[in-house]
Amino acid sequence: MTPSPRPILSIDGAVKRFGKTVAVDGISLDIRENEFFALLGPSGCGKTTLLRMIAGFETPSAGRILLDGADISPLPPEKRPLNLMFQSYALFPHMSVRQNLGYGLEMEGLPKAEIARRVDAMLATTDLSALADRKPDQLSGGQKQRVALARALIKRPKVLLLDEPLGALDKKLREKMQLELKRLQHEVGTTFIIVTHDQEEALVMADRLAILKDGKVLQCGGPEEIYERPANRFVANFIGVMNFIEGSIEGGVFRAGGQAIEADTSGLATGRPATLAIRPENIAVHSAGNGFAGEVVDIAYHGLDRQLYVRTGLCDTPLQVRVPASNGAFAVGATVSLGFAPAHCRLFQD
Amino acid sequence: MTHRASHPNLLVLPAVAWLVVFMLIPCLMVLFYAFLTRGIYGGVDYIFTFENLARVFDPLYAKIFLTSARIAGLATLLAILIAYPAAYAICLAPKKWQPVLLFFAVLPFWSNYLIRTYAWIVLLNREGLVNNLLKSLGYTGEPLSLLYSEGAVITGLVYNYLPFVILAIYSSLSRLNPELLEASRDLGANALTTFWRVTLRLTMPGIAAGGVFIFVLSIGNFVTPAVLGGGRFQMIGNVVYDQFLTANDWPFGAALGMALIVIMIVLLLLQARLTAHFAGERREANDGA
Numbered sequence: 001m002t003p004s005p006r007p008i009l010s011i012d013g014a015v016k017r018f019g020k021t022v023a024v025d026g027i028s029l030d031i032r033e034n035e036f037f038a039l040l041g042p043s044g045c046g047k048t049t050l051l052r053m054i055a056g057f058e059t060p061s062a063g064r065i066l067l068d069g070a071d072i073s074p075l076p077p078e079k080r081p082l083n084l085m086f087q088s089y090a091l092f093p094h095m096s097v098r099q100n101l102g103y104g105l106e107m108e109g110l111p112k113a114e115i116a117r118r119v120d121a122m123l124a125t126t127d128l129s130a131l132a133d134r135k136p137d138q139l140s141g142g143q144k145q146r147v148a149l150a151r152a153l154i155k156r157p158k159v160l161l162l163d164e165p166l167g168a169l170d171k172k173l174r175e176k177m178q179l180e181l182k183r184l185q186h187e188v189g190t191t192f193i194i195v196t197h198d199q200e201e202a203l204v205m206a207d208r209l210a211i212l213k214d215g216k217v218l219q220c221g222g223p224e225e226i227y228e229r230p231a232n233r234f235v236a237n238f239i240g241v242m243n244f245i246e247g248s249i250e251g252g253v254f255r256a257g258g259q260a261i262e263a264d265t266s267g268l269a270t271g272r273p274a275t276l277a278i279r280p281e282n283i284a285v286h287s288a289g290n291g292f293a294g295e296v297v298d299i300a301y302h303g304l305d306r307q308l309y310v311r312t313g314l315c316d317t318p319l320q321v322r323v324p325a326s327n328g329a330f331a332v333g334a335t336v337s338l339g340f341a342p343a344h345c346r347l348f349q350d
Numbered sequence: 001m002t003h004r005a006s007h008p009n010l011l012v013l014p015a016v017a018w019l020v021v022f023m024l025i026p027c028l029m030v031l032f033y034a035f036l037t038r039g040i041y042g043g044v045d046y047i048f049t050f051e052n053l054a055r056v057f058d059p060l061y062a063k064i065f066l067t068s069a070r071i072a073g074l075a076t077l078l079a080i081l082i083a084y085p086a087a088y089a090i091c092l093a094p095k096k097w098q099p100v101l102l103f104f105a106v107l108p109f110w111s112n113y114l115i116r117t118y119a120w121i122v123l124l125n126r127e128g129l130v131n132n133l134l135k136s137l138g139y140t141g142e143p144l145s146l147l148y149s150e151g152a153v154i155t156g157l158v159y160n161y162l163p164f165v166i167l168a169i170y171s172s173l174s175r176l177n178p179e180l181l182e183a184s185r186d187l188g189a190n191a192l193t194t195f196w197r198v199t200l201r202l203t204m205p206g207i208a209a210g211g212v213f214i215f216v217l218s219i220g221n222f223v224t225p226a227v228l229g230g231g232r233f234q235m236i237g238n239v240v241y242d243q244f245l246t247a248n249d250w251p252f253g254a255a256l257g258m259a260l261i262v263i264m265i266v267l268l269l270l271q272a273r274l275t276a277h278f279a280g281e282r283r284e285a286n287d288g289a
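As given, the protein sequences belong to chains L and A, one line each in that order.
With my numbering as the guide, the letters of the first sequence map in order to residues 1 to 350.
With my numbering as the guide, the letters of the second sequence map in order to residues 1 to 289.
These aren't lab readings, by the way, just hints derived from the structure by calculation.
Note that CB positions come from ideal geometry on N, CA and C, so glycine has one too.
One or more of the hints may lead you astray.
Distance windows between CB atoms, simulated [said to hold, decoys possible]:
1. A:P178 with L:Y301: 37 to 47 Å
2. L:D71 with A:P178: 23 to 33 Å
3. L:D71 with A:A89: 32 to 42 Å
Listed next, the stretches of chain A that the computed footprint assigns to chain L, with coverage defined by at least 3 CB atoms under 8 Å from CB atoms of chain L [claimed, not checked]:
4. 78-88
5. 140-149
Given these sequences and hints, build the entire structure.
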């Protein structure tokens, strides 16, 4: 299902103040129907507060939240046609899996037979049928996570909000559940908004993501766009691994450590400091050549690839360079020549 | 610390010794006395009999047991109805104020039980504060007979044991994961339904702990009925008291006492079962709290 451009949820200048602290500082975002949207940022960036405002647990200090064009800000949580999957899962401990799933439908006043039918269907979809009569404390972390998801999805929300849904799971299970979540999202055809601090998770799952810092959106776009063309230094640093080379623009050319590096300098102020950012996989490394000379000071083997740490005259910290694991040509102490493709060099002046 | 592994066993010794000497042995003595014959001038004659236990089930005493249970039951109900909102309000207060509020809730407890009970005489007698207040407000011409009634006894019991009930319910409420209440709202339940289906249900162990506490202490109480009941009607505690100190029938007093102990043990076992039943849920409720 390709996301349609129609916005289902619009956040319009949302502000949330707690006393003197501003948790959400004027955020505007359009979330499109059926898309998987991620709110990504470090802890304290306001992403959870924003999610809780959408769910109705926090009242915006200013701004509006529109669902299908209607302002839902004045509605209490139980009146909003969207559901939240809690970070702690918040399963009712005194109810079985089946009762947990049925709770939300009971609140809609549906007939018993209808509830039973929909619960059974949801149990099957989420592969929980065998656990239907268990209590939450008889479930593993991954099973609880699925119950929490099923309990929210069964309400057929227009938007499903997920607060760090995979945060409590171990790495293997996380990766499995990332794909599982995407599959479910396609299957039920609902808009998902996920809050996470894990940039890898956001890149893998989201159709689009917004990077938040200090209550503001720094960049919003698709994973590739954000990875390839980060809007500023913070985003560049937060997403993936990035090398930063401090220098300055002189005569329309970026210079660092007395050497010029070819990059697009259009729109940058000349005679002022600038930072060049380049990803480890975009640095070419040769044993000899006319690139930037460096010395391998450390090598980290990651299985799939090797991370070389190369000291150069360009900056104080060694540059990280990624080469395929099969490439065992370089040893610690070897002198190498590095090449930066100009298209992959990004300059920031902030 | 491994070489000290045996110490914990030694550390409980004083407490165990205390319990054996001052709790277990006296209880066994009471049990033993219940099967003996009364001495003519008090004390016991060592002649084995079931007669005392049979008398416990005499309609006369059965009725007093029922009266005691009713009074204790009403006191329990009233205490829970007062304590729950109080504990809830304390839980809703800012974290730093909660210990202060709890301190005030428990404050009356630091004064003497008897003095606190006598204070109610000052409040409830015909010339007391309550009657004067009602008169000055014009609600009543004649002073009401508030004192020396079942109502006065229940009031005294509730007043004296309320702090414990508040503490028990507070501890249960404060351990509730607030996200459970939000989840309930999120799934479409309003505040009232959420309270009924989630909050109340998950704080049952606290209600049970506080409830059993006040019930057990009330049903066997003899000070409050003596002071505020004015001897007009008897609770089982008063009968036990009379058997030992007035009627000089120690074996029968012991038999009645045994009956009270059995009631207490049954209730405590029920409460333990209930708490165990909820234990897993409480653990779950704590996750991520």
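What are the numbers of the hints that this structure violates, sorted from low to high? 4 and 5
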